[in-house]
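Now for the letters of each chain:
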Amino acid sequence: MAIVTGKAGRWRLIGAHAGLCVLLAFTLFPLLAVISISLRPGNFATGSLIPSTISFEHWQLALGIPVKQADGSVVQPPFPVLLWLWNSIKIAMISAVLIVAISTTAAYAFARMKFARKQFILNSMLLLQMFPVAVALVAIYAIFEGIGTTVPALGIETHAGLIVAYLGGVAMHIWTIKGYFDSIPVEIEESAKVDGASHSQAFRLVLLPMAVPILMVVFVLAFIGTIIEYPVASILLREEPNLTLAVGSKFYLYEQKYLWGDFAAAAVLSGLPITLVFLLAQRWIVSGLTAGGVKG
Amino acid sequence: MSATNATSPWLGRAVAGLAALALMWLVFSLWTAGQALAAVGLLALGGSAIFVYATAHSVAWKYLFPGVAGMLVFVAFPLLYTVQIGFTNYSSNNLLEEARARAYLLDQTIADEAQSRPYTLHAEGPSFRLKLAPHEGASGDALVSPPLALKASDAVTPPVAMQPLGATILAAPLNLRELISHRDALAALPLQLPDGQLIRYAGLREFGPISPLWKAEADGALTQLITGNTYRANRSTGYFETAAGERMQPGFKVNIGLANYSRMLLDADFRGPFVSIFIWTVVFAGLTVLFSTALGMTLAVVLEWQNLKYRALYRTLLFLPYAVPGFISILVFKGLFNQNFGEINGILNALFGVRPAWFADPLLAKVMILIVNTWLGYPYIMILCTGLIKAIPADLYEASAIAGAQPLTNFFKITAPLIAKPLTPLLISAFAFNFNNFVLISLLTDGRPDYLNTKLPAGTNDILVSYTYRIAFTDSGQNFGLAAAISTLIFVMVAVMAMVQLKITQRSEGRR
Chain A
1 MAIVTGKAGR WRLIGAHAGL CVLLAFTLFP LLAVISISLR PGNFATGSLI
51 PSTISFEHWQ LALGIPVKQA DGSVVQPPFP VLLWLWNSIK IAMISAVLIV
101 AISTTAAYAF ARMKFARKQF ILNSMLLLQM FPVAVALVAI YAIFEGIGTT
151 VPALGIETHA GLIVAYLGGV AMHIWTIKGY FDSIPVEIEE SAKVDGASHS
201 QAFRLVLLPM AVPILMVVFV LAFIGTIIEY PVASILLREE PNLTLAVGSK
251 FYLYEQKYLW GDFAAAAVLS GLPITLVFLL AQRWIVSGLT AGGVKG
Chain B
1 MSATNATSPW LGRAVAGLAA LALMWLVFSL WTAGQALAAV GLLALGGSAI
51 FVYATAHSVA WKYLFPGVAG MLVFVAFPLL YTVQIGFTNY SSNNLLEEAR
101 ARAYLLDQTI ADEAQSRPYT LHAEGPSFRL KLAPHEGASG DALVSPPLAL
151 KASDAVTPPV AMQPLGATIL AAPLNLRELI SHRDALAALP LQLPDGQLIR
201 YAGLREFGPI SPLWKAEADG ALTQLITGNT YRANRSTGYF ETAAGERMQP
251 GFKVNIGLAN YSRMLLDADF RGPFVSIFIW TVVFAGLTVL FSTALGMTLA
301 VVLEWQNLKY RALYRTLLFL PYAVPGFISI LVFKGLFNQN FGEINGILNA
351 LFGVRPAWFA DPLLAKVMIL IVNTWLGYPY IMILCTGLIK AIPADLYEAS
401 AIAGAQPLTN FFKITAPLIA KPLTPLLISA FAFNFNNFVL ISLLTDGRPD
451 YLNTKLPAGT NDILVSYTYR IAFTDSGQNF GLAAAISTLI FVMVAVMAMV
501 QLKITQRSEG RR
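Residue numbers (my numbering), protein chains in the order written: chain A, 1 to 296; chain B, 1 to 512.
Here chain B stands alone, though its shape is the one from the complex:
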């Protein structure tokens, strides 16, 4: 169908074939890396891409595919994935899949201190010779290696046979800094002693026999060789545990059902701050919309007044907060409100002799957040209202003027009722936006000051979404599972708001 296929069908087929090969390679390498889910997803996505573009099945999808795929992968899939993570114990303690955690433990080794031998490294032309002294407390000959290139490489190095030192003459040993520069090459270097024993790098000064710390049992358990304790994978807690319940780090990722949700409801330590944060989120979004609407609507009405001069100038200047990038104006406010160096406290101090602690006092911090957000938010409402007011027929105002009505009467009897209906869905989306106004909280206060005496740090003016960010990315623990569970709750609330908005929009459109 497309021009390429028409002019040279072979080129199209060659490209499709190459794309299919590249896809197979990627899917295969994902699969071998243990990311089965990702491999299947990529196969589905890439397969459908090749199907859409290599066949003449549907022209429409050739145009649609990139956009729809982008939305599916980076908008829809993260939502579903978040919900799924909310049912797991995914966190910095339980980061890996079970197989990877097992492999990690089996890779752990321990050096036998008593058998370790000190070594020195000696330059010989462009290569190096390694000299091993006998281990501490033992007598015997020193050993020396043949000249080594000591180039770090990914390939597995074959063991180097050590020979008795004999009469070999070596240059002065390298100093510590030079040793450090060869650390990676030395670490990859097994040495074979004359009796056949293999020893490995065990630190900057020693080589020694290295033995694994763990032994895999036939039934999947792991035995710690030093203690003899057997750890079994417990798939409900996500740790390798002894019969007595002693846990081994790192844990692994398992499904824990509704545990994250029951924690929100039942764990008193967690529930306290969580409920306060939830209430503040609603209050914050509600008051923000209320204040910006009050201010923005008033301004829109006043600026529609024909007798007022310089209206265009006022409108442009009042629009500025909307045009300045949010991350800059929020940080500017952060600096202006600073308790000691901020200009706002400078003015307040000069006028009233007070220096309010905007960032240390929870209530003042909330007041500050609302002031800043009203500043940021009113121009948008002003623009919306101006557009809606312009759509009101002028003869209504003429009639009211003949009747001798005052401006306030005009506003409450004509303007407000007529713009209320189309404005409502827009205000609901403004509420939904501020409900999740992560950028403001994160840049202005980061949720601080924190509540005292909570197990998980929680800020007095955190909103839900900034709280999940803290749980997931900043504070200790990095509890992705819990954060995702809270995010899932937010999704439900956003979905409710979206539905209400849709209903109201449909109703107002239906009446029009």
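Okay, chain A solo, but in the shape it has when bound:
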């Protein structure tokens, strides 16, 4: 691309770099600050942003190890962070697997089969997706309270109930997978059927292996979407050992019990892996979608 360069262009370039650096400072400040705070002794110490003494007390507490202080008193970990992380990962894993399974089969029907009212169902799904779950929390709470009176294993305060609640949010994923299936020539499956394969065999043995990249992408998206979900988890889970990270983390910053340093360590500990997964997946999603190796 040819853009006129000259003296004005040079100054503009320097200006752009300066502006971007200022903006980067604002963007990165909270992220760097929280790392530094997690390494700073004490929960209230305000002072230099680069800690003069490095202390791992907050990290120990976040990992569930009691800390012995200089005066001999032992500080117990305030919250079971690792348990919450495990809860989050467990719920997100199971939900993501089920979401992928459900949306793949549904997407197959939408992409390959003819049935009545197909377009209507597809469009209603898109419309439904516009309504945020947070607005229907009262109803969701009432539904799970009702379920819990008959099937206690799926009621309030159960992880199974939360997972079941997450299975409603599949519309976007169905659309994504359907788009991918649409791009795979139907002739491949048809030739398998000519050779005597049934519907389910053509689906499982021919189409699914070709769709692995998109299934991975949907899995990661569903996993991240579930692990950061707050509203539904906050009404269905209330007791401390049951919580997910997204619900539990806020308890660090209550006015009455303000654990800034402990929170920082827990936030870095739990936020870093999710962030890395997201950054890696981002690259992978783009390459997976643009490479389209199976189209050959």
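If you are wondering where the hints come from, they were derived from the structure by calculation, not from laboratory data.
Each hint should be verified, as a subset may be incorrect.
[As the list claims (entries may be wrong)] Calculated cross-link-like contacts (lysine-lysine; reagent style BS3-like; alpha-carbon spacing at most 27 Å):
| hint | chain 1 | residue 1 | chain 2 | residue 2 |
| --- | --- | --- | --- | --- |
| 1 | B | K62 | A | K193 |
| 2 | B | K215 | B | K253 |
| 3 | A | K7 | B | K309 |
| 4 | A | K118 | B | K62 |
| 5 | A | K7 | B | K413 |
| 6 | A | K118 | B | K503 |
With chain A's structure known, arrange chain B on it following the hints.
Relative to chain A, chain B alone:
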């Protein structure tokens, strides 16, 4: 059709039969628990599942069923149910169905203090004996029970006949803590006195005659036996009431028509904060989209500039706020903005000697919310704009370069007009998303500081959806009905936004 049916039809039929039985059992137990609506819903859902999978009616629905059922039950049904709750008085005062509230009242009992007899519990080997002293002010023999196992169980315990103490020798009485450990078993234990009277557990120290508090009348009214007052179910208020209008707790759930909506419009105490919250919701969503778009679009344009070095690095770092989980970055900001311990006030204090009260001052809280949300939101717009700018043909810029145009001219004459159209529907959904950005408000300020002098607590920077959450789940009253009515209003607005978005998308696609 499916492989299982082809290989062994009997297995398929057996599974279908078992599923049908399990379904019938669940539906029946729901029905007997008084949840008629849920029972019917489950019957419809389970019945269609068995129909879809056990018959060869439609192969497509075998693949579709789980997804569609999940969306119907957990997305579509909650929406409709919310609308329905909006027309009721469902709240912590009116939680139960009428029949359950009636049963609750009829279960209430009262102990006759004057006839109560103190008791002591004595261990005897692995079992226990219970000794009853005569009631206060009366003379008479102490009574003793045969050895009791005192194991708590769900089965109804038959009455235990008490005998005169006579010469029975008992061990030392158990202390209070041991009594507490046997409380559940004792509470289930009726004792029969020699004269045939039944007495029951009336506290940690006494057994006494227990009589019901309420009597059911033939016409459905309830009479309070002590006062003799008759309470009738009033199905427009949802309480049992006397003729004078005196109410008995708990109330029950009834349909109250448009009362929740008229409260929003007509109750001046409620309308004031409600209107302010509504305006702030729109302002909040609008300004968020405006600021993030301004910042994100500028960055996208600047980062497309070929002469700029390190563009990939800038792009990755600027993308970070989008990759960090929202609940973590919002809480990090909550800590950083803290008035006394927060790093942001530390810096402001060092530079300018001020410590703004970010969480106590309504206006500053709003400023903080917008700063945080812009930080959270601009990377997404940046990614969107980058994609759209890449799609603009390069020869347009070449032509403008030949004409000697400046970058600003390029932006306003080429870039902005070309990306505006495809960007608009995306910005509308960003607006709709922030209109309902519950997580941000809930985790950052929880809507506080609150308005003063309101009957229902309302926050100055609550948005509609966080306000409904407060009404429903946190503050006293737990008024689910009112919260659902406000949610219904939100649905209407979301539906309007969805329609506008659809129209714009269709128009831009039609022209393409």
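Hint numbers contradicted by this structure
Going through the list in order, the structure violates no hint and respects every one.
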